[in-house]
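In order, the protein sequences belong to chains A and B. First residue of the first sequence? That's 1 in our numbering, and the numbers climb one at a time after it. First residue of the second sequence? That's 1 in our numbering, and the numbers climb one at a time after it.
Read the hints as simulated data drawn from the structure, not as lab findings. It cannot be assumed that every hint is accurate.
As the list claims (entries may be wrong) - Think about it this way: if two alpha-carbon atoms lie no more than 27 Å apart in a straight line, the pair counts; the simulated DSSO-like pairs of lysine-lysine are:
hint, chain 1, residue 1, chain 2, residue 2
1, A, LYS45, A, LYS14
2, B, LYS60, B, LYS112
3, A, LYS150, B, LYS84
4, B, LYS112, B, LYS67
5, B, LYS6, B, LYS135
6, B, LYS112, B, LYS84
7, A, LYS136, A, LYS14
8, A, LYS150, B, LYS45
9, B, LYS135, A, LYS136
10, B, LYS60, B, LYS84
11, B, LYS67, A, LYS136
12, B, LYS256, B, LYS60
13, B, LYS112, A, LYS136
14, B, LYS135, B, LYS67
15, B, LYS130, A, LYS136
16, B, LYS18, B, LYS60
Listed here are the chains, written in short residue letters.
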Amino acid sequence: MELVCPAGNLPSLKAAVDNGADAVYFGLQNDTNARHFPGLNFNLKRAREGISYAKSRGKRIFMAINTYPRPEGWQRWCEAVDSAASLGVDALICADIGILGYAHSNHPDLNLHLSVQASSTNYEALAFYADSFGIKRAVLPRVLSLSQVKQVIENSQVEIEIFGFGSLCVMVEGRCILSSYVTGESPNTHGACSPAQFVEYRETSEGLESRLNGILTDRYGQDEQAGYPTICKGRFAVGDNTYYAIEEPTSLNTLELLPQLYESGVRAIKIEGRQRAPAYIAQVTKIWRAAIDACQRDPQNYQPESAWQSALDQVSEGNSTTLGPYYRPWQ
Amino acid sequence: MSTNPKLSLGPILFYWPKEEIYQFYEQAAEMPVDIIYLGETVCSKRRSLKTQDWIDIAVKLSEQSDKQIVFSTLALLEAESELKTLRRICENGRFTVEANDIGAVQILHQRKLPFVTGPSINIYNAETLKHLAAKGLTRWVMPLELGRETLQLMQQQRPEGVETEVFCHGRMPLTLSARCFTARSHNLPKDDCQYKCIEYPEGRLLSTQDGEALLAINGIQTVSAKSCNLLPELAELKRLEVDVLRISPQYRHTEKIVTAYSQALAGDQPEDLQPYIPLGSCDGYWHGNSGNL
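Required output: the full structure, derived from the provided sequences and hints.
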């Protein structure tokens with residue numbers, strides 16, 4: 001089981017490699033990837049340095065080109081694919097059918113992974129991408145239960161990677177346009193959910209308010225920590241109640257499910273968080289390395305250490321974690 | 001050159017009682033639409049109609065009228081039972097199928113059947129369109145967040161034999177999840193949802209704390225609180241040679257909306273739609289802005 005860690009910059013990439021990642025994924029400094037945030041990601045020079053750092057230590061490196069180009073931006077995405085090929089990454093993580101086709105025809109030797117942004121939750125969909133573009137691996141959306149993940153693995157030719165830890169999209173990735181409904185920009189089109197330039201915090205007589213492009217997403221009491229105003233994690237009124245109508249601000253943590261994931265044939269565990277700091281990447285990678293090693297040594301007697309869990313809770317959104325979709329009652 | 005587009009009735013996104021669905025399609029047979037999409041696209045637990053019941057409605061409609069009937073399929077496929085139903089629909093032997101997941105595209109392509117793609121299939125560029133056309137795509141519904149500028153470029157490179165459909169009217173489907181937000185709003189787990197969706201035939205309203213109607217929750221889907229309304233954009237839709245204009249069914253007055261579009265296409269002054277859009281309309285996506293504008 002491979003540990004795949006995020007890198008939003010070179011120090012994070014090094015932190016991931018140094019702390020036990022088997023593979024690191026990154027993106028370029030533009031809207032061709034789904035973490036298009038200011039000050040984040042790699043130019044070609046930094047990418048070359050990062051790739052050489054990882055490869056010289058026997059680690060693999062993946063590049064994400066996982067947003068959806070519109071005709072007006074098509075060329076930029078093709079150039080990103082060409083860059084990935086010339087950089088010599090171990091795999092390209094893509095979502096768009098057009099871009100997968102471009103990569104497959106122009107760079108037949110480049111390994112293709114299907115991004116979570118392609119919203120593929122079933123083996124028929126995976127067969128489509130395998131038949132059409134020869135994808136080697138797919139990252140599953142964070143919506144399937146453990147038994148459903150198993151079902152996909154048993155009926156699929158491609159390797160399966162799933163999210164193990166990090167911020168939790170409650171929606172099917174690639175099929176949520178709440179962000180563009182409110183701001184005009186979405187992960188699919190602009191590579192960012194709820195982009196920072198639309199975020200506003202206001203101190204009012206009713207408390208601190210968070211807004212996204214003017215839309216009130218939440219009000220906070222004095223003792224409450226303000227969250228990032230994505231629509232899916234705001235508090236809204238439905239009927240007579242005002243509550244987290246879609247999802248609490250919480251993170252995914254599947255540490256305790258590792259043996260089951262391992263026995264199901266999950267090939268790789270992905271850690272979310274290219275936007276996080278190098279210290280976070282180092283800490284999270286280290287814990288997951290230890291956990292995966294312990295699980296692979298003796299899956300029957302594996303138990304996550306409580307120190308791992310509390311350390312992960314502390315760095316999580318809302319300081320709490322959930323097993324998410326893998327745990328049936330959550331659904 | 002400007003051509004007159006056809007009108008379509010999209011699949012019902014909400015959960016209605018069986019009798020109301022039958023009534024709706026009896027009325028739909030008389031509506032001035034050219035294409036009717038039907039079937040469950042949101043949640044496989046909604047079984048007021050079984051797959052065979054939907055097929056029976058489709059058969060009846062096609063015998064009663066000369067409308068094209070298209071079978072719409074589930075957008076989020078998780079369980080094997082859902083794939084089984086999907087295969088059965090794809091193999092119906094009579095009606096074209098609207099694929100709302102790439103899994104459906106795969107099944108239809110393997111059986112060498114032509115297909116339509118719904119708005120949840122991410123077709124954002126002409127290369128994707130060409131790839132799917134080679135697999136059997138005959139019509140695509142433009143994803144909701146794309147606008148007229150993108151559409152213009154897509155139309156210029158559109159493969160031969162592929163029609164373009166635009167979601168013109170109704171609450172816009174914005175997301176899908178594994179979680180059921182309607183069950184959550186009743187403090188019920190999804191496994192024991194008690195089919196609460198049936199109490200909200202246009203979704204359950206979700207408002208901001210300062211009272212702005214933002215979304216409507218519809219089981220595992222969320223839709224916009226406002227209704228998309230592209231009726232004032234008819235000239236532009238025609239100029240861009242859009243082939244089909246989709247009207248998404250709402251619980252009441254769908255026939256009024258269809259009639260207004262039909263009147264406008266005939267060059268007549270359409271009836272004012274505002275009384276039938278209580279929470280206001282929006283067309284932001286079409287103009288390249290936030291969807292809620």
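Here is how each hint holds up against the structure:
Our distance criterion of 27 Å between C-alpha atoms is met by LYS45(A) and LYS14(A), whose separation comes to about 15 Å. Between LYS60(B) and LYS112(B) the alpha-carbon distance is near 26 Å, which keeps this suggested pair within the 27 Å criterion. Taking the CA atoms of LYS150(A) and LYS84(B), the gap is about 17 Å. The hint holds against a cut of 27 Å. At roughly 23 Å between alpha-carbon atoms, LYS112(B) and LYS67(B) fall within 27 Å of each other, so this suggested pair holds.
Pair hint LYS6(B) plus LYS135(B) holds up; C-alpha atoms about 24 Å apart against a cutoff of 27 Å. Note on LYS112(B) and LYS84(B): the hinted pairing holds, with a Cα-Cα distance of about 18 Å set against a maximum of 27 Å. Simply put, LYS136(A) and LYS14(A) have alpha-carbon atoms about 26 Å apart, close enough for the 27 Å limit, and the pair holds. Among the hinted pairs, LYS150(A) with LYS45(B) is consistent with the structure: their alpha-carbon atoms are about 22 Å apart, no more than 27 Å.
Restraint check for LYS135(B) and LYS136(A): the C-alpha separation of about 21 Å stays at or below 27 Å, so the hint holds. Distance restraint check for LYS60(B) and LYS84(B): the Cα-Cα separation of roughly 24 Å lies within the 27 Å cut-off, and the hinted pair is therefore satisfied. In summary, the hint linking LYS67(B) to LYS136(A) is not supported, as the alpha carbons are separated by about 43 Å, beyond the 27 Å threshold. A distance of roughly 23 Å separates the Cα atoms of LYS256(B) and LYS60(B); the hinted pair therefore holds under the 27 Å criterion.
Restraint check for LYS112(B) and LYS136(A): satisfied, since their Cα atoms lie roughly 25 Å apart, inside the 27 Å limit. For the hint linking LYS135(B) to LYS67(B), the alpha-carbon distance of about 25 Å falls within 27 Å, and the restraint holds. For the given pair, LYS130(B) sits about 23 Å from LYS136(A) by alpha-carbon distance, which is consistent with the 27 Å threshold. Distance hint between LYS18(B) and LYS60(B) is fulfilled; the C-alpha atoms sit about 16 Å from each other, no more than 27 Å.
In this structure, the one hint that does not hold is number 11.
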